[in-house]
Amino acid sequence: MAASKCTQLTAALSRQLLDSIDCVLFDCDGVIWRGDQAIPGAPEVISSLKKNGKRVFFVTNNSTKTRQMYADKLGKLGFDATADEVFGTVYCSAVYLKNVCKLDGKVYLIGSNAMRQELEDVGIRPVGVGPDPVSGVQKDWANVPLDKEVQAVLVSFDEHFSYMKLNRALQYLCNPDCQFVGTNTDTRLPLEGGKAVPGTGCLLRAVETAAQRQAQVVGKPSNFMFECVASQLGLDLERCLMVGDRLDTDIMLGSNCGLKTLLTLTGVSTVAEAEANQKSECPHQQKMKEVRRVL
Amino acid sequence: MAGAAGGGRGCVTLCGAQIRDLLDAKHNVLFDCDGVIWNGETAVTGAPEVVSLLKQRGKRVFFVTNNCTRPRENYVQKFSRLGFTDVAEEEIFSSAYCSAAYLRDVARLQGKVYVIGCGGVLKELRDAGVPVAEEEDAEPGASIYNCPLDPDVKAVLVGYDENFTFMKLAKACCYLRSSECLFLATDPDPWHPLRGGRVTPGSGSLTAALETASSRKATVIGKPSRFMFDCISSQFGLDPAHSLMIGDRLETDVLFGSNCGLATVLTLTGVSTLQEAFAFRDSQEPQQKHCAPDYVVESVADILQALEE
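So the sequences go chain by chain: A and B.
Throughout the first sequence, residue numbering follows this note's numbering, covering 94 to 388 in sequence.
Throughout the second sequence, residue numbering follows this note's numbering, covering -11 to 297 in sequence.
Take the hints with a grain of salt, since some may be wrong.
[As the list claims (entries may be wrong)] Below, in silico cross-link-like pairs of lysine-lysine (DSSO-like), each with a Cα-Cα straight-line distance of 30 Å or less:
hint	chain 1	residue 1	chain 2	residue 2
1	B	Lys205	B	Lys111
2	B	Lys111	A	Lys232
3	A	Lys288	B	Lys205
4	A	Lys288	B	Lys142
5	A	Lys288	B	Lys100
6	B	Lys14	B	Lys205
7	B	Lys277	A	Lys232
[To be verified] One-sided excerpt, in silico: chain B residues whose CB lies under 8 Å from chain A:
hint	residue
8	Gly107
9	Phe152
10	Phe154
11	Leu157
It should be emphasised that the hints constitute simulated quantities derived from the structure, not laboratory data.
Ideal placement from N, C-alpha and C gives every residue a C-beta, glycine not left out.
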């Protein structure tokens, strides 16, 4: 494969690319679906890749769903996929806390029931999930009861985020031995129907600012998402392709991990941005349609 | 002026005659409150007497605080409660009061402001005649995915809010999608100190969430931004060359004084330490150097000794 950058894939180049890889990792939002609609042709691409002997995985920063919830969504949209092919930040953060942070106790969780479930599945006990309105007066807040078994604070998407949760996280993080992890830094969370709400990144910034500490972030572009896939499945980097729509997360992750990268133009980033980034993290450019035709 | 400390300019510890000399040259004294004249509900020993004496000696005294939780009239009561005998409402400038003044006099807001804030801010806005968008808590069918918006909102103001929720963040973010909607923050403080060395999240942490959500930067009213000084000056005509700022937080009070061309004094009864002051003084970065105070006192009570000698 030529080492040139930002190359528009032609049919011939697509064939060459596909022959050189065994494994394809797909981002989800803006790549294979938008909200609750599959991108036309995407389910067929996945099926064809598998028929051609390629392994397919889904790597997403979305921190609202368990692996099974993703598998259910994929199935509903016509994709041939199973739960153990999905690597979302919810699942990967649980693995990270267990294997990297070596957590052996509780975590104070700003997050959803999905996040709680994945943590419980790896044997970590979360506290703090659900609504947490303020009570008492200011001097009570510094003295909220802290659970001595909490060893880390984890911030993920939480529609019940409140001042009180921010306060509790701050009190735990005043202890420098308490670890601090965030699922992802995305500033918006895309929803069904094309809407969006503030993303996990906003909640994480609030906690980082109050605590004057930086979180360890699991989601793209951090390498961990790929390491999580690779360590479980034994992948050959040289023969992996990362397909995404965001230069600053998907493509950066791919480049940092030494993978080939493919930018699809159905999502966030544009050709102009890709070319402007040419020096640092350049993708091979394409539209999904080309790949399908080749298959 | 002879100074005690070694090394470069600034961070000169003052005592006795030096304080008197400094005060002789200054007509206006600006005090921060938390950590300077009181800590929580306890006055710093000697602070009430210092304020009285300064006024008796003909100085004008002002109080400049980033704390936006109370309206001015509550501050008057607090001053009285803690033994400060003659502090008038007009001498108190809080970030809540100044935010309202900014919306009314500088932005000349035509429309409503959507507020993420507490009672103190809402009261100051009402007193200034700035219309506030009503918060409808139990709107049927409202959720973070579908929140009703008020078409008259032309500004968003964010400050400390113990009732902060994801819903408020989502709503504010929707309003800020229009580039014509102003984006203000009362103050940048990431956390506030409470008694016993404890902390609670500050306005700065909520502002950070909203800036991240909207990809916009807020205009910050409180210290170290100049606006509070401009607000005082517009009412009382202050000459920076004859004004002194006394505070306890290097990145807010001292930087504020520096930004406004005032002489600055760090008092050690609050947040920042002498070591931190030296570190700023010795830094290579210009912005950091501006956080180093001209002078240092152990406590504002040192001024008392100087005035009484």
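Hint by hint, here is what the structure shows:
no.: 1; hint: B:Lys205 to B:Lys111; result: 25 Å, holds
no.: 2; hint: B:Lys111 to A:Lys232; result: 22 Å, holds
no.: 3; hint: A:Lys288 to B:Lys205; result: 23 Å, holds
no.: 4; hint: A:Lys288 to B:Lys142; result: 22 Å, holds
no.: 5; hint: A:Lys288 to B:Lys100; result: 25 Å, holds
no.: 6; hint: B:Lys14 to B:Lys205; result: 36 Å, violated
no.: 7; hint: B:Lys277 to A:Lys232; result: 34 Å, violated
no.: 8; hint: Gly107; result: 12 Å, violated
no.: 9; hint: Phe152; result: 4 Å, holds
no.: 10; hint: Phe154; result: 4 Å, holds
no.: 11; hint: Leu157; result: 5 Å, holds
Checked against the numbered hints given earlier, the structure breaks hints 6, 7, 8 and satisfies all the rest.
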